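Respectively, the protein sequence lines represent chains Z and C. Residues 1 to 202 (UniProt numbering) make up the first sequence, in order. Residues 1 to 202 (UniProt numbering) make up the second sequence, in order.
It is worth saying that the hints were derived from the structure and are not from the lab. It should be emphasised that the depicted structure is a prediction, and the values quoted were computed from it without experimental measurement. From the three backbone atoms N, C-alpha and C, an ideal C-beta is built for every residue, glycine too. Hints may be right or wrong, so weigh each one.
Stated by the list, open to error - Taking lysine-lysine pairs in the PhoX-like style, the calculated list, with each CA pair at most 25 Å apart, reads:
1) Lys50/C <-> Lys129/Z
2) Lys81/Z <-> Lys129/Z
3) Lys81/C <-> Lys129/Z
4) Lys87/Z <-> Lys129/Z
5) Lys79/Z <-> Lys40/C
6) Lys87/C <-> Lys79/Z
7) Lys50/Z <-> Lys81/Z
8) Lys50/Z <-> Lys129/C
9) Lys79/C <-> Lys50/C
10) Lys129/Z <-> Lys79/Z
11) Lys14/Z <-> Lys129/C
12) Lys129/C <-> Lys50/C
13) Lys81/C <-> Lys50/Z
14) Lys87/C <-> Lys14/Z
15) Lys79/C <-> Lys129/C
16) Lys23/Z <-> Lys40/Z
17) Lys23/C <-> Lys23/Z
18) Lys81/C <-> Lys23/C
19) Lys14/Z <-> Lys41/Z
20) Lys40/Z <-> Lys87/Z
21) Lys79/C <-> Lys40/C
22) Lys129/C <-> Lys81/C
23) Lys129/C <-> Lys23/Z
24) Lys14/C <-> Lys41/C
25) Lys87/C <-> Lys129/C
26) Lys81/C <-> Lys23/Z
27) Lys79/C <-> Lys14/C
28) Lys23/C <-> Lys87/C
29) Lys79/C <-> Lys41/C
30) Lys81/Z <-> Lys81/C
31) Lys129/Z <-> Lys23/Z
32) Lys129/C <-> Lys23/C
33) Lys50/Z <-> Lys129/Z
34) Lys23/Z <-> Lys87/Z
35) Lys14/C <-> Lys40/C
As the list claims (entries may be wrong) - Some chain Z residues well away from chain C (every beta-carbon gap over 12 Å; in silico):
36) Thr46
37) Lys50
38) Lys81
39) Gln82
40) Asp118
There are 2 protein chains.
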Amino acid sequence: MNAQACLQMLRMIKDVSFASVDKEGMPHNRMIDVMLIEDKKLYFCTARGKDFYDQITQNPHIAITGLNTDFQMIRLHGKVKQLNNPKVWIDRIFEANPVMNDVYPGDSRYILEPFVVDNGQIEFFDLGKHPIDRQSFRLDQEVVQQHGFLISDACIGCRTCMRNCPQQCIQSGTPYFIEQDHCLHCGLCYENCPVHAIDRRG
Amino acid sequence: MNAQACLQMLRMIKDVSFASVDKEGMPHNRMIDVMLIEDKKLYFCTARGKDFYDQITQNPHIAITGLNTDFQMIRLHGKVKQLNNPKVWIDRIFEANPVMNDVYPGDSRYILEPFVVDNGQIEFFDLGKHPIDRQSFRLDQEVVQQHGFLISDACIGCRTCMRNCPQQCIQSGTPYFIEQDHCLHCGLCYENCPVHAIDRRG
């Protein structure tokens, strides 16, 4: 996997959820079509009359997620940018998504405004495999923010974490280590370590 | 449709997206299984090690959305409540969702904490019909908050709104009126009314 493949997966799923935050700090969530994917950029549109439009023009932070039929989940956190030349973009979007004409026939399409997400962090999470598999990518050049847990040098090698891990993704060593690609981030190792040698990442 | 039927639809979709807000006010979004539905209550669980657990125990406001294969979308905004007697609830959840044992075998299930959503507003939005169809419900006794647009008595009956509506859901009258169940909330009527007779609701 890589960032572009993750975006293509969102386009294949097509109807994915977009979460935004309103000016009172409340979360909102709805299914939106992924309209176009180009070179690590995701395009979508929404109508100027919708609460969603107000929310993302006031606060561009957005969290997108989708799941395919193989139980592979994509999560994308980034900032939306409203596009210049909206009519050109809306025409391109309708050309690539002709079913949009059923909802917005004729010139009514121009009530829609186009947006792009070309930054932020993507997580790929495969729940269809055992052990589970996860990978993180950036759409831009920033460093990937890590989550989950790390075993420190305080580890005494007692195997408690290894015994408790539901995904068997902890290996012995000095110190023991978590196979991060297979970790659920459930916290069982963290809660059960008798010497508190396990720390949160990020 | 009613509130309970909407929750049952989320259970049928099963993997639906849950949006939360972290302590910096940023949105997060991921797919979560709807585990149980009972008398206008939705149950789910998450592991104590996950960022999601921290987010919803610090800020219980959540926005859930899912889409079925008929392009019917459910949106639910409410507050989560953490449940007492977590082991009893987790055992009930695993009994109803035996596939959970593949991810959390044996006693590792008890790293999960059970939550319920028994309040808030639900929106049903059917994009598979023409014109589209939408309805709102409450899970508790509060009044449904209305969105979209209303035509006021300032209407001069010029038909501009009716001509512009992509869903043909504006009817003549004194004043003209919007068939709210079929409205996209796109804002074309609002933007084009020559006498500004159309107001936002809610």
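List in ascending order the numbers of the hints, as given earlier, that are violated by the structure. Going through the list in order, the structure violates hints 2, 3, 4, 5, 6, 10, 12, 13, 14, 15, 16, 22, 23, 25, 28, 30, 31, 32, 33, 34, 36, 37 and respects the others.
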